Each structure stands twice: as C-alpha cells, then as structure tokens.
Amino acid sequence: MADDNLLEVQDIHTFIGQFHILEGVTVAVPRGGITVLLGRNGAGKTTTLKSILGLTPPRRGKITLDGQELQGRRSFDIASLGIGFVPEHRAIFRDLTVEENLKLAERKKGDFARNEGFIFDLFPDLKRLIKLPGTNLSGGQQQMLALARALVPENQLLLIDEPSEGLAPVLIEQVMEAIRELAGETTILLVEQNFIVASRLAERYVIIEEGQSVRHGEMADLVGDQETIHRYLGAA
Amino acid sequence: MGEFRETLLKNRTRLIVLAALFLLFVSATQGMAREDWLITVLRGLSVGAVTFLVASGLSLILGLMDVLNLAHGEMFMIGAYVGWTVYVRPDTFVDVLTPVTLVAAGLALVPLWRALLARLQLPERLQQAWPWLSLGLGLLVLFFSLRLFPLAIWDPKLYAQSPITFSLALSQGLLTLPEPAGGGSLLLAIGGTLLGSILLGVAFAGFGSRSQRTAPQRIRWRPLLVAAALLVLALAIYLVNTPLTQWLFGMSTTWRFFIAMAVATLTGLILGALIEVTMIRPLYERPIYQLMLTLGISFIGIEIVRALWGRPEFTMPKPALFNGTGEGCPAESVGALLQNQCSTFMLFDGRVRTYNEIFVILVGVAVLVGVWLLLQRTRIGMIIRAGVQDREMVEALGINVRRVFTLVFALGVALAALGGILAAPSFGLSSDMGTRLLLLALIALAIGGLTSFPGAAAGAVLVGLIQQFIIKYGQIGISLPFLAEPFKPSPPLVPASTVLFMVIILLILPQGLFGRSE
Numbered sequence: 001m002a003d004d005n006l007l008e009v010q011d012i013h014t015f016i017g018q019f020h021i022l023e024g025v026t027v028a029v030p031r032g033g034i035t036v037l038l039g040r041n042g043a044g045k046t047t048t049l050k051s052i053l054g055l056t057p058p059r060r061g062k063i064t065l066d067g068q069e070l071q072g073r074r075s076f077d078i079a080s081l082g083i084g085f086v087p088e089h090r091a092i093f094r095d096l097t098v099e100e101n102l103k104l105a106e107r108k109k110g111d112f113a114r115n116e117g118f119i120f121d122l123f124p125d126l127k128r129l130i131k132l133p134g135t136n137l138s139g140g141q142q143q144m145l146a147l148a149r150a151l152v153p154e155n156q157l158l159l160i161d162e163p164s165e166g167l168a169p170v171l172i173e174q175v176m177e178a179i180r181e182l183a184g185e186t187t188i189l190l191v192e193q194n195f196i197v198a199s200r201l202a203e204r205y206v207i208i209e210e211g212q213s214v215r216h217g218e219m220a221d222l223v224g225d226q227e228t229i230h231r232y233l234g235a236a
Numbered sequence: 001m002g003e004f005r006e007t008l009l010k011n012r013t014r015l016i017v018l019a020a021l022f023l024l025f026v027s028a029t030q031g032m033a034r035e036d037w038l039i040t041v042l043r044g045l046s047v048g049a050v051t052f053l054v055a056s057g058l059s060l061i062l063g064l065m066d067v068l069n070l071a072h073g074e075m076f077m078i079g080a081y082v083g084w085t086v087y088v089r090p091d092t093f094v095d096v097l098t099p100v101t102l103v104a105a106g107l108a109l110v111p112l113w114r115a116l117l118a119r120l121q122l123p124e125r126l127q128q129a130w131p132w133l134s135l136g137l138g139l140l141v142l143f144f145s146l147r148l149f150p151l152a153i154w155d156p157k158l159y160a161q162s163p164i165t166f167s168l169a170l171s172q173g174l175l176t177l178p179e180p181a182g183g184g185s186l187l188l189a190i191g192g193t194l195l196g197s198i199l200l201g202v203a204f205a206g207f208g209s210r211s212q213r214t215a216p217q218r219i220r221w222r223p224l225l226v227a228a229a230l231l232v233l234a235l236a237i238y239l240v241n242t243p244l245t246q247w248l249f250g251m252s253t254t255w256r257f258f259i260a261m262a263v264a265t266l267t268g269l270i271l272g273a274l275i276e277v278t279m280i281r282p283l284y285e286r287p288i289y290q291l292m293l294t295l296g297i298s299f300i301g302i303e304i305v306r307a308l309w310g311r312p313e314f315t316m317p318k319p320a321l322f323n324g325t326g327e328g329c330p331a332e333s334v335g336a337l338l339q340n341q342c343s344t345f346m347l348f349d350g351r352v353r354t355y356n357e358i359f360v361i362l363v364g365v366a367v368l369v370g371v372w373l374l375l376q377r378t379r380i381g382m383i384i385r386a387g388v389q390d391r392e393m394v395e396a397l398g399i400n401v402r403r404v405f406t407l408v409f410a411l412g413v414a415l416a417a418l419g420g421i422l423a424a425p426s427f428g429l430s431s432d433m434g435t436r437l438l439l440l441a442l443i444a445l446a447i448g449g450l451t452s453f454p455g456a457a458a459g460a461v462l463v464g465l466i467q468q469f470i471i472k473y474g475q476i477g478i479s480l481p482f483l484a485e486p487f488k489p490s491p492p493l494v495p496a497s498t499v500l501f502m503v504i505i506l507l508i509l510p511q512g513l514f515g516r517s518e
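Taken in sequence, the protein lines are chains A and B.
According to my numbering, the first sequence is numbered sequentially starting from 1.
According to my numbering, the second sequence is numbered sequentially starting from 1.
Okay, chain B solo, but in the shape it has when bound (with noise of 0.2 Å):
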C-alpha cells in the first residue's frame, strides 16, 4: 500500500496533467452535439493511429540506437507509393519484381566478398580505390540495363493520368499493358542486371573491409546458396509475369488492398535493413553525421518517387470491404454493415466512414498491441529494453547489440511503410505527404516523452484529437468566455495548435508524458 502511495506521489504531475486533458476533452461534449463529439474523437484516433505508426519507429530507433531518422517519413511515403503500385498497378509491380530480385541475387554474395577479401590482404592503396571503381561500374551497367526492362516507371507520363481513369481504360481494352521484352535484350538485361549487381556487392564488401580490420574468417558458401534460389526466383517471376498481372487484376480490391499492405510493409523491412548496415552501421561513432545523413536520405527519397511516380498527387480509391454504397447503406447495425460492406455507417445519428474511422484505429491497435508484446514478452523486447538504457552493458553480457539495432531499424522503418499505406487511401498521396507527417509524429515524441514506446502511443493519440477537434471547432465555432460571437480557428492554426499543446505540455512535464530524467 506504501508503495502505491509513493507512486502516485512520484508522478502527481504527471496523473494531474493526464486527468486535466481528460477533462478537457470531455467537456468538448458541451459544445457540440454528441455524434460531433464522437465522430471528431474517431477522426482523431484514426490519425493518431497513422501518426502512431511512425511515432513507435522513430522511438524505438532514436531509444535503443541513438539515431533520429529523418528519414522516417519518407519511409512512410515510400510504403504508400509502392503500396499503391501494387493496388493500383499491380501490372507494373510484377514487371519490377524481376529486377529487383535478381538485384537482391547479386547483392546475396557480399558475405561471400567479404570473407574472400580477408584472405586477400590486398595493398593499402589498392584497397581504397577499387571499391569506388566497383560502385562506379556497378552503377553503370546497372543503369543501362534496368533500363532494357519494359517498366511503366521509366514512362512517368503514364502516371500522369489518374488511377481511376486508369483502370477504366484498361477494364475497356482501350490500354493495354506493356509488354515484356524478349530475346536478345531479354538476356542482356539480366545478365547486365546481375552483373551490376554483383560488381555493387563487391564494392559494398569492400567499404566494410576498410572499416574493419576483420581477422580472415571462414568461408562459408550458403550465400551462394541464396544467390542461386533468388535468381532462380526471378526467372520463375519473369516467366510467370502474365498470368500474374492477370491473377492480380482479377482479385477483388480487398485482397489486393492486404497484399499491398504486406508488399509495403515487407518493403520498409528490407529497405530498413539495407539502410541500417549499408549507412547507419558505419557512422556509429559520429552521431551528428549520422542525422545529416538521414537528413540527406529524406531528400533523395522524395526526389525518387517524383521521379518515378511523378509530382501529381494521387488518391487511392478504398478497397471493396469499406466501399459499399447500395442498398443498406449507411449500415444501421453491425449485421448490416459487414453484409453490405458499407463505406458508413450511422453511430448516435453521425455517419462514421468504416475504413477511416474503424479499420485504421483497428490496425493501430492490432500493432500497438504487437509490438508490445514483443517489448515484454520476447528476448529480443528484452534486449531493446535493456538497451535503450545502456547498449554498452548490454553487449558486455555477450548479445550482439548491431544485430538487434538492424532489427529495430527493420521493424521501425516496416512499421512507417505500413502506415504510409493505411494511410494513402484516406488522406492521399503527395511528395510531401511523409514530411508533414515526420513533423506530426516528432510533436508526438515530444509530447510522450522521446524514447519511451507507451509515450509515443498518448503522444500520437493526442496529437490526433488536439489537431481534429480544432478542425471541428473550426467548422462550428468554440465559444469562449469574453467573446461575443464563438471563436472559430482558421485552417492555418491547426498545425499551430498542435506545437502549442506541446509547448505547454513540454512547460510543465520537461520529459514528456512519459519520458524519463536521465
């Protein structure tokens, strides 16, 4: 009981300032009619949840490795650009999975390199030049041959139109899709596209080298092994690459619609990964290069998708489950809803959009909950636990901690693609779609306190609801004491008040909701 009562003494503060911002918003009940009230609640959920996704990423990696990723909105981006390719375009995304495997074939063999190198003991100078000269050529061949693939993305003009009146006009025949290339050029594309593969492998193994002295290890040749079973696997594409598209098409949007979800968030993993040992690992020892390099990811990252997917912003229309609007729609009971599959339906009298308003709080959820239990109840929570407070005692017990950092970074990154997908089909999809959420979901860290996991939940959350009942307010005014007519707030303060609320938050609780003195 003693100890209780410590606790609650501990963290008055804290408790005074949660049960102050629970009152607040009850009270917004005042104001409006209920199903506003509930609905704005719901709509702030919804975005605290998408917020959320990124928020636990950027946590996790900023706590257990010291690395604020810059980059992770550009990672949320990137898992709603390729989630919508394979949704939207799915021809497109068979078309470039046969590179990018054979890609992954090439790159397979680095152990390999590495291991050879070691026994090499090449010269110093040598040493130095000829990973550049590798990169260069890699880049080289690999540039000309990606280009001999026949993939929409090298015609930006395609995407130019709107994926609605896209696929109309492939439903009618009046598009047909690309064909694969064949022949000779078929050859030279995979042999050119392994190749540089390959040669890119072998400067990456080289640049490791140079960092670390490694003793010469033990050959092993089970790379090989998978070089051989991805490559394989990229022919079986390529020569499956019709039936495919046709297989992919054919399915209905709600399958698809999990598909994309777990080619995004696949995607973030790989892609986490490849950032993690390629550029993270060997900046280690330099923090502040470390952000600028992130900083400098973010960039490119929005650079590439405009140049692959073009500056237009695009909509993605909702997947079949959550897009019902015939007979029995808005949905009255739960029955009805998952028999018509209804886009809305009628809660209190307010019409709630399903897949906005339940199906993303859902996954939120779904994730919050997973990734929890993974912190408490995994070896490897366990680690991340011990290692966002002291890394180095951690690999003094004899766990190697650059393996769990490339997880987290993995997970962290899967995680951001998969919000950037959920995401897309409420809110859309621009090139600055990922900044303005990074910048959201930093408000958030903030607010929750920056490395700690529950923390970037409440901060998400109420991020949400701050930024989505001033939209409301904005819509039917919030009256005030001493003004004559209620005060309405203009678009331009809902960004604003969201940084305020932080600012106050940041007044009274320095670590944030949830956060920890050091």
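Just chain A, same shape as in the assembly (with noise of 0.2 Å):
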C-alpha cells in the first residue's frame, strides 16, 4: 500500500463473543478528503470503526495510524493519538449540558476555548443552547453537538457512523454541509447508508459484505456501476 495512507487496516478479524463479526477487513485512508464505508445493514461497518479504536478489539490483523501500530491498545489510548469518534444514534450524554458535553472532549487544557470560534461557526446552534441538557436537544441539535464534540480536540483522523440517519432532509442538508467543511481541515472516514449522501460527500469507497471488504475505489467510477450498487447495496 502507499505510504501516504493515514490510516490502514490490514485484514482484521473481530469477535463479538462467539460470533465472528469481521472476516477480513482492509482499508486504506489516504491522507485529507473523505473515504466512506458501504454495505448493507449487518455487513460489519460499524464493527470496522469499533474495532479501529480498540472499542471491539480485533483478534488478527494489523491496524496503523501515520505508521504507529494501534492493536493491543486501550481505546482511550487510541483515541488520544488524533482520532475522533461521532458513534451511530446520536450517542451524547444526556445529563450533561451542551456545554460540559463539549468541555468533556478536551484532551488538553483549553482545548474547547481554543476550537470554540470554528465550532460555533460550523454550528451557529450549539452557542444559544451552551446551557441545555443534552436530553433536551432535538435530533439534529444531537447530531451537531456529537460533531462538535469531535472537533473539539486537535484530531487527524474522524470516524463518523451513519450522521444522517433518522434526520429530517433539511437537516441532512445541514450536516453533510458541515461534514463537507471539516473534509477541507481533517481526514474522515465515514459510514453511510444513505447512498446519495455518501456518493456526494466521499471521494472513495470501501464495500463490506458480510464482513469482509469486497471492493474500493474511487467514488466517480462507483456512481455509473449500476451493477456494483445493486449487487452490494440493494437498490439505490
């Protein structure tokens, strides 16, 4: 593989209790843009993000961040190298305000006073709702907040899990337009179901099929492979 990859999995193996849930994953994330992972439901793109930060340990494989080895590793310990986690349904903490659920993401000292002008920037929102419990946050206010709180830290690498699932159009609008924004500062690797939103937003593609990564390549030339959609994805 190319030396210029930022993030690499080489053919990891995952278990979830008995079940062997990732029989083989690689993928290469090339430095800056976005590279999305595709698949149907159950195919193991969520795992491959778990198991990248330590969440889901992989058995066998081998994953490195810039050339360091990160398996063997604590997530908390992966997660400081630089990456940043934007988990599946919104997962921000309920009972904390907007305000600590952003201050809990510091890695350093100031790390959120220092980011605060970009943050509020990106998410105009987030500042008039500093206050709130996260409970008392609408879906798409969630799905800002679980962004900001990933930028937050300085990160060169973020793992986002299905940002526009479950969300109004409009608001899907809103956040790919964000995801697009933090493409230009930060390298992301994304999960999306939604295949015009990945297809707009990626510029590669990594196809998971039962666990396995069956297909890469560059996002323009998936778009016109009618058959490639419909054998992995379903209908598109």
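It is worth saying that the hints were derived from the structure and are not from the lab.
Predicted model only: the values in this text are computed from it and were never measured.
Cβ atoms here follow ideal geometry from the backbone N, Cα and C, with glycine treated the same way.
Please note that a few of the clues may not be correct.
Derived DMTMM-like pairs: lysine to aspartate or glutamate, alpha-carbon spacing no greater than 25 Å straight-line [said to hold, decoys possible]:
id : chain 1 : residue 1 : chain 2 : residue 2
1  : A       : K62       : B       : E124
2  : A       : K103      : B       : D390
3  : A       : K103      : A       : E185
4  : A       : K108      : B       : E392
5  : A       : K108      : A       : E69
Simulated restraints, written as ranges between beta carbons of each label pair [claimed, not checked]:
id : chain 1 : residue 1 : chain 2 : residue 2 : range
6  : B       : Y289      : A       : H20       : 23 to 29 Å
7  : A       : Q212      : B       : P123      : 32 to 38 Å
8  : A       : I16       : B       : I288      : 29 to 35 Å
9  : B       : L225      : A       : E218      : 56 to 62 Å
10 : A       : Q18       : B       : L188      : 50 to 56 Å
11 : B       : R436      : A       : Q10       : 56 to 62 Å
12 : A       : K109      : B       : I288      : 49 to 55 Å
13 : A       : Q212      : B       : L224      : 48 to 54 Å
14 : B       : D349      : A       : K109      : 53 to 59 Å
15 : A       : F118      : B       : L225      : 39 to 45 Å
Using the hints, put the two chains back together into the complex; each one sits in its own frame.
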C-alpha cells in the first residue's frame, strides 16, 4: 500500500462474543478528504470503526495510524493519538449540558476555548443551547453536538457513523455541509447507509459485505456502475 | 413557561407520589405529641444518613461500573471496627501500622515488576505457573513473619472483655500494653514481612501480565522510591510506637474520634482501590463472576472481623463533645449545649440526643453536599455522570475510564467505611451489622432509582423515616379506621414495613422515584 495513507486497516478479524463479525476487512484511508464504508445493514461497517478504536478489539490483523500500530492498545489510548469518534444514534451524554459535553471531549486543558470559534461558526445553534442538558436537544441538534464534540481536541482522523440516520432532509443537508467543511481540515472515515448522501460527500469508497471488504475505489467510478451498486447495496 | 409545564406533566406520577409521602409524614403529627413526631423524624433522618453513606457508594459503583458490590455492607462494618480500634485501642492501631506500612512498601513495587516482566517474555508454561508459586510462598512468609509482631489482635481473648472495662483497667494500671518486639525477632519480622509482600507483589504483577498482552513499557523507577519512603515510614512508626500510643491515649476522646473517622475513611479508600484493581478489574468481561466475587468478599470480610475482633458485640462510647451529662444538661439552649457539650438537649419538651440525632445527620448532609459538588462541578464528576450513561463513548473520547472506576470504587467504599464508624457509637458493633445495613441500602436504592444519586439520598431518608415511625407506632399505637384499639406494629414488622413500602413504590414507579427508564 502507498506510504501516504493516514490509516491502514489490514485484514482484521473481530469477534463479538462467539460471533465472527469481521472476517478480513482491509481499508486504506489516504490523508485528507472523505472515505466512505458502504454495505448492507449488519455487514460490519460499525464494527470496523469500533475495531479501529479498540472498542471491539480485533483478534487478528493489523491497524496503523500514521505508522503507529494500534492493535493491543486500550481505546482511550488510541483516541488520544488524535481520533475523533461520532457514533451512530447521536450518542451524546443526555445528563450533561451542551457545554459539559464539549468540555468532556478536551484532551488538553483549553482545547474547547481554542476551537470554540470554529465550532460555533460551523454550528451556530449550539451556542444558543450551550446551557441546556443534552436530553432537551432535538435529533438534529444532537447530531450537531456529536459532530462538534469530535472537533474539540486536535484530531487527525474523524470516524463518523451514520450521520444522516433518522434526520429530516433539511437537516441532512446541514449535516452534509458541516462534514464537507470538516473534510477540508482533516481526514474523515464515514459510514453511511444513504447512498445519495455518501456519493455526494466521499471521494473514495470501500464496500463491506458479510464481514469482508470486497471492493474499493474512487466514488466517481462507482456512481456509474449500477451493477455493483445493485449487487452490494441493494436498490439505489 | 411551556417547557416548565411539560416537565411537570412528564413527572406527574413522581410528583403525586412525593406529595402523598409528604402528606403522610405530616399527617403523622395528628396521632402523636409534637415532640414525639419531631424526635421520630430526627431519628429517621439519622438512620437515613447512615443508610445514605452506604447507598450512595453502592449506587455510584452500580451506575458507572455495573458492579453490584454485595460486599459494601462489610466495608461499612470494617470501617466501624477499624474506627473502633483507633478510638478504644489506639495501642493496637499503632502496633498494626508498622506491618501494614511494610506490606504496602512491598506491594508498591508491583508496577516495576510488571514493566520488567513485559521485557522478559517468559515461556507460556512458566508464566502460568510461577505467579501461583510466588503467591503461595509470599502468603506463607507473611503468615509466619506477621505473627512475630506482638499484636493484641493475635489474642482475641483481650477483646472479649468490654472496651470500657479494658480502658478502666488500663487507666488504673491493672493492665499493661503489650511490649513491642525487640532484637533478632524484630529484624526477622520486618524482613519477613517485606519479603512476603514483595513476593505477593510479584505474583500480582504476574497475574496482571497474563490477562493482557502489553507491549514492553519503559521501566519507571518511581515505585522503588515510593517503596523506600514507605519502608522508612514503617521504621519511623516503629521507633515512635510508645510515645505515639501515649499521645493518642492522652488526647480528648473528641479528637480521637475525629482521627478514628479519618483512619476509617482512609482504610476504606485504600481497601476499595485494592479490591478494584486486584479482583474486580480482571472480571469486567464477566458480570456474573463479579457478583459472585463480591458475595465471597462479604463472607470473607465477616469471618476476618470475627477472627480478629471476636464474635461478641461491642459498644463504643460517644466522644466527649457529645457525652456531657453534668450540670446544665440536658441543654435548654444552643449556647448551653455548646458550653456543656451535653449528650442531650431539649427541643419542644422532647429530649434529643446530640450525637445520634444531630451530628450523624450533619455528617450525612455534608457528604451529600460534598459528593454532589464533586459530581456537578469537577471534571471527574462530569466523567462519572457521562460514564453512567455510556462508558464506551467516554473511553472513545480519550479518557481512561478504568482509572475513574478505581477512584469511584475507592470513594464508595470510603463513604461506607465512614458510615460504619459514624454508626458505631449509636448502634454498636457486631459482625452482622454490615449485612443488615446492606439490605437497608439496597431497599433505599430500589426506592430511589438504582443509579440515581439524588435517588439514593431520597430512598435512604425514606427508609429511615418509615422504619422509625413504625418503631414509634409500636410504642404508642396508631388509630386506624375500623379498629377498636390502636394498632401496635410488632418489632418484626419493622423490616417488613420498609420492604412493603418498596413494593408499593415500585408498583407505581417501576424505575423508582428518581430512576430513568432506558
């Protein structure tokens, strides 16, 4: 593989309990831009993200970030290398206020203060809601907060899981706008079910099918390839 | 405004239940004299405060770590017994300090062994066998060398007599403190203890390295420094043994009680951290094993207490600050109370016990406020609140949650231990005190909502109030409709009443008063 890849996932196998979820996933994420993981429900996209972070540590295979091996390390340690995680279902902390949610993500003192301007430019709504507990936010606002949380520390890679899931079309546009803007600053590995959203955001794709990465390439090539889309992603 | 209404509507069952409870307790004023009611409420709050100290830690640990610590009651008990020892038998306490510090010095080397081990890369079979060997050898060496220290705890007969008789005999010179060991056996004792605990440390490091394949770490020399400092401390304590004991015996019981509280809390803190790191941590993937483990620890705790302190129940004299009975007591005013340090004072013609009904409640409130501030105002508190909801996500933010686990477990055990020493002067000490209180705390948690901190406080207070009101009604009787004579609940109904109350609350609010449905 090319040396300029920021993240390299090589043939990882992950088990959850007795279940062999990932049976050989290989993903290369070059520096900058957006790479998307595509595939049907339950194909292992989310597990791939969690394996990178060590939340479901892979049993075999190799993962490197910027040349450093990640497997065997604890999650907090991996995240501290500069990986931001935006989980599916907008997993923000409901009992914490918006401000506390953001402050919690600090890795160094003053991280939030340093990036406050950038975050509130991107998500002006959050500034207004800063003192509200997370449980009072709407779905869209929660997604904004989950994204904003990943921007508090200096991250070199963002793992974003299903950002458009369950959002109204207007909000999807807003979230896509934000993600596109972020891609200018950092590298993003995205999981997205909605092929339209994925195709408009990402430059590269990896298709995962039944726990294996089966195809990868440039998004521009995939958009025209109806047969592949139909075969691996269902109706598009 | 609309938001406020919405909140009201969402919580209406909860609010109605709270209002009904409030009315219930207020209406109790009708059936009894005002001073009786007031004292019953104060007693309820006092029992509630002690229950809260156990329940709060239990709830924090359960919420953050998903560990139901069934040994929490025994931590309460150990706090009481350790505090009692410091308070009534400071000589034993000082004697024990030396070996305990020595063991700590030996165990402080664990991180060093772990780093060395990761370098060695021993063959698999050897790596599996030798920690057990080291453990067995270490325990054997410790067993024989600890016996060389002249500790009163090796002679349970001394404890069979009541503490009051013991202190009287001591002050009249009828009894002399055991002499510390000297000469050759001393060196053997100190060296043996150190060697034994080092072997134990090597074993722990071995077990630890087996469960996680760690990459070779840099060797840090700080553990060596810590161990050396502890060793010097142990020797220093040994050298000042007699003056320290005399100083502790000479001071007022009030100060000694505060020292006892501090020592009990600190013991809880260290014990909690040790249990978490060595026993709970390796079992995070196996919740059922954790439950069985804590149950086992609780049985072992009871047996240790029986072995070291004996089976008879103890009482513990109240500190001088709350034990005045001379002129001007019971106090009629706050000034007189403070001046005469009365054990009781008059409030609306009722006699209130200063220690039980004021001091215990004050400590409970102080802990409530302290922990609440910790949870709401500090980064650690933020991590705990976030972790109760989603540990994985906290970890994914780059926060070492396990370190916070250790802290919370230690803090919870420390609070329980503080509760133990606090309860000792009013309830006495026995080897089943922990089991009884754990039951009360679990009922309080179920009522309040298992993992809610305000819920733990509210549940504990409610359990205390119900219990005390039923006891009071057992004395004076309660007039019920359709009954010719006032109904007097018999003593066995007291524990039953709290359980019944829990059942009623759970039928109306399945998540408890402040619980949240997931």
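Consistency of the hints with the structure:
Taken as a hint, the K62 (chain A) and E124 (chain B) pair is honoured in the structure, with Cα atoms around 23 Å apart against an allowance of 25 Å. For the given pair, K103 (chain A) sits about 16 Å from D390 (chain B) by alpha-carbon distance, which is consistent with the 25 Å threshold. A threshold of 25 Å between alpha carbons decides the hint, and for K103 (chain A) with E185 (chain A) the separation of about 21 Å falls inside it, so the pair holds. As the CA atoms of K108 (chain A) and E392 (chain B) are separated by approximately 20 Å, the hinted pair is consistent with the 25 Å bound.
A C-alpha spacing of about 23 Å is found between K108 (chain A) and E69 (chain A), which places the hinted pair at or below 25 Å, so the restraint holds. At about 24 Å, the CB distance of Y289 (chain B) to H20 (chain A) agrees with the hint of 23 to 29 Å. Here the CB-CB span from Q212 (chain A) to P123 (chain B) is close to 35 Å, well matched to the stated 32 to 38 Å. Evaluation of the 29 to 35 Å hint for I16 (chain A) and I288 (chain B) yields a failure: the beta carbon distance comes to about 18 Å.
Between L225 (chain B) and E218 (chain A) the Cβ separation comes to about 57 Å, which falls inside the hinted range of 56 to 62 Å. Between Q18 (chain A) and L188 (chain B) the C-beta distance comes to about 53 Å, which sits within the given range of 50 to 56 Å. At about 58 Å, the beta-carbon gap between R436 (chain B) and Q10 (chain A) stays in the expected band of 56 to 62 Å. The given range of 49 to 55 Å is broken by K109 (chain A) and I288 (chain B), whose C-beta atoms sit roughly 40 Å from each other.
Take Q212 (chain A) and L224 (chain B): their Cβ atoms lie about 50 Å apart, and the range 48 to 54 Å holds. The beta-carbon spacing between D349 (chain B) and K109 (chain A), approximately 58 Å, falls within the hinted interval of 53 to 59 Å. Between F118 (chain A) and L225 (chain B) the C-beta distance comes to about 44 Å, which sits within the given range of 39 to 45 Å.
Of the numbered hints listed earlier, those contradicted by the structure are 8 and 12.
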